[in-house]
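A.B. asks: Chains as they are written, first to last, in this note's numbering: chain X, 1 to 285; chain V, 1 to 386; chain R, 1 to 280.
It is worth saying that the hints were derived from the structure and are not from the lab. Virtual Cβ for every residue (Gly too), placed ideally from N, Cα, C. One or more of the hints may lead you astray.
Unchecked claim - In the DSS-like style, the derived pairs of lysine-lysine whose C-alpha atoms are separated by at most 25 Å in a straight line are:
| hint | chain 1 | residue 1 | chain 2 | residue 2 |
| --- | --- | --- | --- | --- |
| 1 | V | Lys126 | R | Lys132 |
| 2 | R | Lys188 | V | Lys118 |
| 3 | R | Lys188 | V | Lys19 |
Said to hold, decoys possible - Residues of chain X placed beyond 10 Å of chain R at every Cβ, according to the derived structure:
| hint | residue |
| --- | --- |
| 4 | Pro29 |
| 5 | Phe30 |
| 6 | Ala79 |
| 7 | Leu87 |
| 8 | Leu103 |
| 9 | Gly138 |
| 10 | Leu139 |
| 11 | Thr142 |
| 12 | Ser166 |
| 13 | Asp170 |
| 14 | Leu191 |
| 15 | Pro196 |
| 16 | Gly239 |
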Amino acid sequence: MSKTQRKPTIGAVVGNGVLIAASLVMLLPFIWMMMASLAPQGEIFSGRLLLVPDLAAARDNYAFALSRAPLLRYMLNGAFVCLAILLLQVLVAVPAGYALAKLPFRGRPVLFALVIIGLMIPIQVPAIPLYIAIANAGLTDTYTALILPFIISGFAIFLFRQFFASYPDDVLDAARLDGFSEFAIVWRLILPSAWPAVAAFSIFSIVAHWNDLYWPLVVITRPEMMTPPLGLATFRASGDSAGNVGALMAGGVITTLPLVVLFAFAQKHFIRGLTIPRANTSSKN
Amino acid sequence: MRPSKLEVRSVTKIFGAFKALDDITLTLEPGELVSILGPSGCGKSTLLRVIAGLDDADAGDVLIGEQVVGDVSPKNRGVAFVFQSYALYPHLSCYDNIAAPLVMRELSALERLPMVGKRLPKSRAKHEAIDQRVKAVAELLKIEPYLTRRPSELSGGQRQRVALGRALIREPKLFLLDEPFANLDASLRNHTRAELSTLQKRLGTTTVFVTHDQTEAMALSDRIALMFDGAIRQIGTPDDLYRNPADLDVATFLSQPYLNVLPARIVVSGHALIAGQHVAIDDAAKTGAVGTVGFRPEHCSLHQRKVPGTLAVIIERLEHAGAEAHVFVRLEKSGELCVARIPSGTMPDWTPGSSAWLAVNPVEGWFFPREARRREAVMQSAVALA
Amino acid sequence: MAAPAALLLVLLVLLPSSAVIVLSLTDYQLGLGESRFVGANNYAAMLNDPSFRQSLRNTALYVVTVAPLSIGLGLIFALMVEARITLKAWYRTAFFLPVTATLVAMATAWEVLFHPTFGLINTVLSAIGISKVRFLADPDTALFALAAIGIWKQIGYNLILFLAGLSTIPKELYEAASIDGADRGWRKFLLVSWPMLGPVTLFIVVITLIRAVSEFETVAVLTDGGPIKSTSVILFMLYEEAFRYLKIGTGSAIAVMFLTCVALLTWLQMSLANRKVHYV
């Protein structure tokens, strides 16, 4: 609309100026991490990073990081754990969400209350008994330990329930008349229609578990089982990185890169996925 | 408040490649109520928004009370706007909604503060003045009982009144109403329409009323401006438009649900050749002209025996419509479909499949020449008016 | 259909969460077989423990720093971004990137920026004549340095939610306001934007509070609770007690406190959301 164009553009200039400055501050740690990972030690310690990367230093930094900390192993661990968690979460939550949305059964209110409770409780609360159980079962330092507590997501169930609730009942009845089992209805009718919810939840889950430090810190001590945040934190705290800021930054870049690249390609999905909690809590239960 | 004149001069509005308004010129005399009528997407709401200043014209001028308002912001144009969705502030009570235009205009930021505001010097008097005006408007619209409620606690009709109240309170120079009855159910719509008409006459405020509903426009307006594709096709009194449509589009739009349309050629002034048959049409003036004859179902009659100047038809089916019925017939010669209206009591006289003869009332039929879509007769009357 | 989910909810959420309450009433220590019921002793000890009280204070200070600033700046930037025509996508991306990035990695980047000798922030400070600050090593500043990271991480999230909230406000409401005399600036904001943002603001306040109360990672990675306990927040203390010193009873008591806190905030949101801020 020309309303805004007619007015003097001072507002636009000031607004853009402030916002560009602010967004550069937001990006500063990324830029700095990247630049430091490409710079020789002396340059970093001088406090004046040059915009021109030093290829030899960059190679040294990345090579050091990759040799002293098994970063690739961490990433594989992280990827495997995230995918396993996501797969199991969806596998458990989709039928449960369907049942809560569409099937009348005794105990439905109880289950729903459980889901809401599950939605609210942060991992740090059940962490202690879960840790004791895992330790007693001799499962520390295993993938099982990393995955198990998260295969049930009250949030996922709630999200899918809300999404399935709007699925037309007539189609379900038609499917039943056509001989679909409830199982087939869930996996062949409901799930394909729910992919936006699944996609959003996937982003939410992957970001949460790729970045999580708390639980891996509790159950993992052996380096070959570590996930990227734990591995990086360990690398930082170890004597290996002491003084070698360039290498530490290289480790940071490697760890951060997968999600940042994914974010660049699927920005809309990321924003949707990470802000779905809002869509939920505001819709009345 | 003295009613103001509204002038729209050659206004054009372009969205990208789409000409939403194409050289619109329109004048409203003080106190007049003019409807902008047209199908959805014809630009009627855009015109209203340009008048209000919510959109800017790309060319042309809007004058309110002889003053060019192109550079005047909406709040300073002295207009009141009723939105189709009412656009009530959901967090404010009805009272505060109605008071909003005065509060925003007449009180300073400090005076608008809750609690404190009223205790400032002079501001008590202002608050009281506003209070009186809100109460007066509420009384006028009979909404006093629910002034303390929020919009979400009201029915559609009540919300509509609150929106009207918010528009009225400033005693604007101009009322702009954008399909204000579209969200009401049918019976409420008729009732509210009558009330609005009375109110407008009483206040004498110049009013532009946008609607896609021809009945509504007919019932309310002093004059109607009929718009198609961003241009005004015809302006006139409801009766003028109804009886004397400028072109086939206008005729079709104002003939709900049916208009009979048959290809025709004028053999001699006053006589058209339709499907090989000479039919008397008073409107058909220019000899040799080719075009279309249009007439409403109520302006033709069915005969069981052949009468000179009628068209031979076959009865296809009948449709009961309460007091009257529609008979669908097909011309024997050319196969065109026509509709005639008959009293529903006479339905048994007409059996599908049987033959009949269709007579067009020569006074009520129109001829629309193909090359110039506007009818000459109307052109002449328009010239005479100007 | 829902049986596996129900079973898992009980096994992995309900039972352990209840067990935490039971454990908080014992003197159980990992590795030691015996444990006794000690009633509310853990809670009493906790409340009398100066280091726990300090961690409560630290958490409170962290929360009252992070929450208002990240919410206020998120709102201001959201309004500014909303008013722009160009570069909107760029701003969204720049502000939201910190939300997705791995905090552990970004914390190490911040550590470099905060570095007393070669950090960019100190370079800039000394350029304008302010003496160097040992941000993360000084007990007076460490918590605020972490709070700065917390704000940096949360602003984008709040901004995106505010933008989403702004985008749901009907255009006609702004148009009605512009005719009623509130066509820009404060008046428009106070008459339309702010009240209409009520529900989303409530949500943002609660989620920001919960996230701030739950801060752990920057502390664990950068300061280890120090210097001299100045950044030991409640979750860090919980981690230390339970998993470093293996004092399960004390750790559980802290966990119960923490749960109470989070549950209270959630309850507050739910009850307010259903009454106060929904107009429709």
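A.B. asks: Taking the hints in turn, state whether each one holds.
C.D. replies: These are the hints, each one checked on the structure:
1. V:Lys126 / R:Lys132: 57 Å, violated
2. R:Lys188 / V:Lys118: Cα-Cα ~21 Å, so holds.
3. R:Lys188 / V:Lys19: Since the Cα atoms of lysine 188 of chain R and lysine 19 of chain V sit roughly 31 Å apart, the hinted pair is violated (cutoff 25 Å).
4. Pro29: Not fine: 4 Å to the nearest Cβ puts proline 29 of chain X too close to chain R.
5. Phe30: Phenylalanine 30 of chain X not clear of chain R: closest Cβ-Cβ about 7 Å, inside 10 Å.
6. Ala79: 13 Å, holds
7. Leu87: The claim holds: leucine 87 of chain X sits with its nearest Cβ about 14 Å from chain R, beyond 10 Å.
8. Leu103: 6 Å, violated
9. Gly138: The assertion about glycine 138 of chain X holds, with a minimum of 14 Å to chain R.
10. Leu139: Consistent with the label, leucine 139 of chain X stays out of reach of chain R, its closest Cβ about 14 Å off (over 10 Å).
11. Thr142: 16 Å, holds
12. Ser166: Non-interface label stands for serine 166 of chain X: nearest chain R Cβ at 18 Å, farther than 10 Å.
13. Asp170: 20 Å, holds
14. Leu191: Holds: least Cβ distance 13 Å, greater than 10 Å.
15. Pro196: 16 Å, holds
16. Gly239: 16 Å, holds
When each numbered hint is compared with the structure, violations occur for hints 1, 3, 4, 5 and 8.
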